[in-house]
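One line per chain: the protein sequences are D and S, in this order. Numbered per our numbering, the first sequence spans residues 1055 to 1429. Numbered per our numbering, the second sequence spans residues 1055 to 1429.
Since the hints were derived computationally from the structure, they do not count as laboratory data. Since the model is a prediction, treat every value here as computed from it, not as a measurement. Take these hints with a grain of salt, some might be off.
To be verified - In the DSS-like style, the derived pairs of lysine-lysine whose C-alpha atoms are separated by at most 25 Å in a straight line are:
#1 S:K1303 x S:K1334
#2 S:K1087 x D:K1370
#3 D:K1087 x S:K1370
#4 D:K1385 x S:K1322
#5 D:K1385 x S:K1370
#6 D:K1385 x S:K1425
#7 S:K1402 x D:K1402
#8 S:K1370 x D:K1425
#9 D:K1402 x S:K1254
#10 S:K1385 x D:K1402
#11 D:K1385 x S:K1385
#12 S:K1236 x S:K1254
#13 S:K1370 x S:K1402
#14 S:K1425 x D:K1370
#15 S:K1402 x S:K1425
#16 D:K1143 x D:K1087
#17 D:K1402 x D:K1143
Stated by the list, open to error - Computed from the model, here is a short list of chain S residues facing chain D with C-beta under 8 Å:
#18 M1107
#19 I1398
#20 C1408
#21 E1415
We put the beta carbon where it would ideally sit given N, CA and C, even for glycine.
Protein chains: 2
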Amino acid sequence: MAIGAKTGKTGKGTRKRAGAFRDTYFVIMAGGKGERFWPLSTDRIPKPFVSLMGRKTLIELTVDRARKIVPLTHIFVVLVREHLAIAKKCLPGLPRSNFIIQPFDRDTAPCVGLAAMVLHQLNHDAVMVVLPSDHYLPDEAGFTGLIKETVKAARRGEHLVTIGITPGRPETGYGYIKAGKKISLPPEADCYEVARYVEKPNLATARRYVRQGGYYWNAGIFVWRADALLEGLRLHMPALHDGLEKLGKVRSLRQKAGADAVFAGFEKVSIDYGLMEKAKNVLMMPAAFVWEDVGTWTSLLRVLCADESGNVVRGKNLVLDTTGCVIISDKTPVATLGVSGLVIVAGKNGILVCDASKAQEVRQIARIISKRGDR
Amino acid sequence: MAIGAKTGKTGKGTRKRAGAFRDTYFVIMAGGKGERFWPLSTDRIPKPFVSLMGRKTLIELTVDRARKIVPLTHIFVVLVREHLAIAKKCLPGLPRSNFIIQPFDRDTAPCVGLAAMVLHQLNHDAVMVVLPSDHYLPDEAGFTGLIKETVKAARRGEHLVTIGITPGRPETGYGYIKAGKKISLPPEADCYEVARYVEKPNLATARRYVRQGGYYWNAGIFVWRADALLEGLRLHMPALHDGLEKLGKVRSLRQKAGADAVFAGFEKVSIDYGLMEKAKNVLMMPAAFVWEDVGTWTSLLRVLCADESGNVVRGKNLVLDTTGCVIISDKTPVATLGVSGLVIVAGKNGILVCDASKAQEVRQIARIISKRGDR
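All chains, full assembly: derive it from the sequences and hints.
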């Protein structure tokens, strides 16, 4: 039986808002270490709290996106306790109770489950829009429009809705979703069952996907009723569901130290792997808007405006005879001469000089530096 | 007539020292902008005052070399006024009056001429050992031994003595001296007339020089009596000599503002070009010790100990999958990954990332940054 059926509390202060999205809540996942964005991100200040695109931090940009649809009171941020202080600093307007604290990072399944539990207790009709905090989504209107459609679809409670991005190129760095049977749902949005999930493909396979059509990038954006998600967990991740039920019985869920023990027992597993790939009621809604995962320094070459030499430069830097480089230094000026295909990032914790093709391996550096104790 | 014949002052306090080198003085040229060592050297802190090899600045290392032969009171530093403060800070033990101040930098001929004037007024028998402040000379005993020989040869007053380094490789970055007729001088040192000076050769020519023998690197180290140098200037650089005579009549030469006008009139010319290539009484003494000009960041690859991957690393840096790089950062740690043949230097004024083959062009960067006003 779903946790939702057991917890009898009625959401308070959430029903006052009229309109189509009065039961909609955004859940922003602010987890992850962001090791691949060393030196700007560190153990203490992970990626969501770093300004990678412009002045605002990634989490601020994500909250801005959510505010197009719901008020701040309906925006929740899930994070680990160590990052609460920096998160509050980045988001001074967000109510304290909208930070959902995980004792440990256990990947996205426990994170999403915990948020579902909290929201279900708040509002039995809660619909959750789950957003990672490291996406590039420049088409605000397109994003807002589609999210509204997904909420309408999810509100009915039958489906777990996910977004599939129409691929703009044969990208090998993203997972794909193969669309299955087309489904007609009121209000007539374009919807598909999921045939299967595909891990990051090689280039030949990715090219075939793009040529063939019917394959979409897995954006990791999910929309569902909180009770539908909890029911999905009950069916496919019963251990996690049991743990969440225990947590649900704790009166003050968010601050209780007892939660630590329960959380410690959770398996570290993503919601994609743990639930989405197994559930039969997943619905994919294709998106035509531009989306990129901001996963490594080189992803900035795609999402920021490169100059005529193909460089992305931020800060008062001096760039001579330089091509295809990411150069970021907000304080000390960087001067480059005769180099190409490098990532150069200077922050107070360190200076990175790395071949662009090795951007994935920057996490190695972050780990070594973190162990060494200088950040 | 040489200035020496007109100025009638007797050196005071310099005759007390007994021994073979009581009339010997070292003149360290601390000029130059060191633009090629940006970001560690800047307009305000040029190369001689920067620590490029170990903890000591280049000028400290040069003074240490001189002290093997003469006391501090016999060591003079020629510099421009703007650098007096930093020079005094680097060399707290050097008497204030041993800093010879040039109103402007006019290359080495006026610099050396001014020093000769000062020393000749101090001691009519003064022998000057002129040292640039950016040399790598690890063989202390070899250096000291040869300098003593040159002083003995120069003391007789007939010759302007220069040192030629036996080339260890066909270097295209140095000028060469072709040895002429062998001369026998007491105390039987190996001495040659100079057949000719050769500008930096191309690789084929440099290889021929090394194969053929009789060619030496021009180290820019000179030893002569002050009066012999002034006589040389009178013959070959009469305008400079006239100016120095005027300066010689000023009572307090080193502080007089009137010197500015005279100095402003001096042509910017090197002592090699202005005098050495023309004088008939030049004597070259070959040196077998290791010598390198520390002219660019990449010269550090030769003079500092490279690790097994061919990197020269200074500071608490993290070097992964990196070869043939110079990596210097004393404060903020630099992490490199998958790069080769780069010069990476971080200082408080800026961060340089430059292809090793472009090290000569770093001056461009220094000039632009200097104009821009951020140092």
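Here's how the hints hold up against the structure:
1. Proximity of K1303 (chain S) to K1334 (chain S) is assessed by CA-CA distance (about 29 Å); at most 25 Å being required, the pair is judged violated.
2. Only pairs whose Cα atoms come within 25 Å are accepted, and K1087 (chain S) paired with K1370 (chain D) is accepted, the gap being roughly 23 Å.
3. The straight-line distance between the Cα atoms of K1087 (chain D) and K1370 (chain S) is roughly 23 Å, inside the 25 Å bound, and the hint therefore holds.
4. Between K1385 (chain D) and K1322 (chain S) the alpha-carbon distance is near 38 Å, which puts this suggested pair outside the 25 Å criterion.
5. The hinted pair formed by K1385 (chain D) and K1370 (chain S) meets the criterion: a straight-line CA distance of about 21 Å does not exceed 25 Å.
6. Only pairs whose Cα atoms come within 25 Å are accepted, and K1385 (chain D) paired with K1425 (chain S) is accepted, the gap being roughly 18 Å.
7. Between K1402 (chain S) and K1402 (chain D) the CA atoms are separated by roughly 12 Å; this keeps the pair inside 25 Å, and the hint holds.
8. For the proposed pair K1370 (chain S) and K1425 (chain D), the alpha carbon gap of about 14 Å is at most 25 Å, so the pair holds.
9. Restraint check for K1402 (chain D) and K1254 (chain S): not satisfied, since their Cα atoms lie roughly 42 Å apart, outside the 25 Å limit.
10. Distance restraint check for K1385 (chain S) and K1402 (chain D): the Cα-Cα separation of roughly 10 Å lies within the 25 Å cut-off, and the hinted pair is therefore satisfied.
11. Distance hint between K1385 (chain D) and K1385 (chain S) is fulfilled; the C-alpha atoms sit about 15 Å from each other, no more than 25 Å.
12. Pair hint K1236 (chain S) plus K1254 (chain S) holds up; C-alpha atoms about 24 Å apart against a cutoff of 25 Å.
13. Restraint check: the Cα-Cα separation between K1370 (chain S) and K1402 (chain S) comes to about 16 Å, which is no more than 25 Å; the hinted pair holds.
14. Between K1425 (chain S) and K1370 (chain D) the alpha-carbon distance is near 14 Å, which keeps this suggested pair within the 25 Å criterion.
15. A hinted pair counts as satisfied when its Cα atoms are at most 25 Å apart, and K1402 (chain S) with K1425 (chain S) qualifies at roughly 17 Å.
16. Distance check on the hinted pair: K1143 (chain D) and K1087 (chain D) sit about 18 Å apart at the alpha-carbon level, within 25 Å; holds.
17. Between K1402 (chain D) and K1143 (chain D) the CA atoms are separated by roughly 19 Å; this keeps the pair inside 25 Å, and the hint holds.
18. Restraint check, M1107 (chain S) versus chain D: the minimum CB separation of about 22 Å is more than 8 Å; hint violated.
19. Taking 8 Å as the C-beta cut-off, the interface hint given for I1398 (chain S) holds, the closest approach to chain D being about 5 Å.
20. Interface restraint check for C1408 (chain S): the shortest CB-CB distance to chain D comes to about 4 Å, inside 8 Å, so the restraint holds.
21. Proximity of E1415 (chain S) to chain D holds as hinted, the smallest CB-CB distance being about 6 Å (cut-off 8 Å).
When held up to the earlier numbered hints, the structure conflicts with 1, 4, 9, 18 and fits the remainder.
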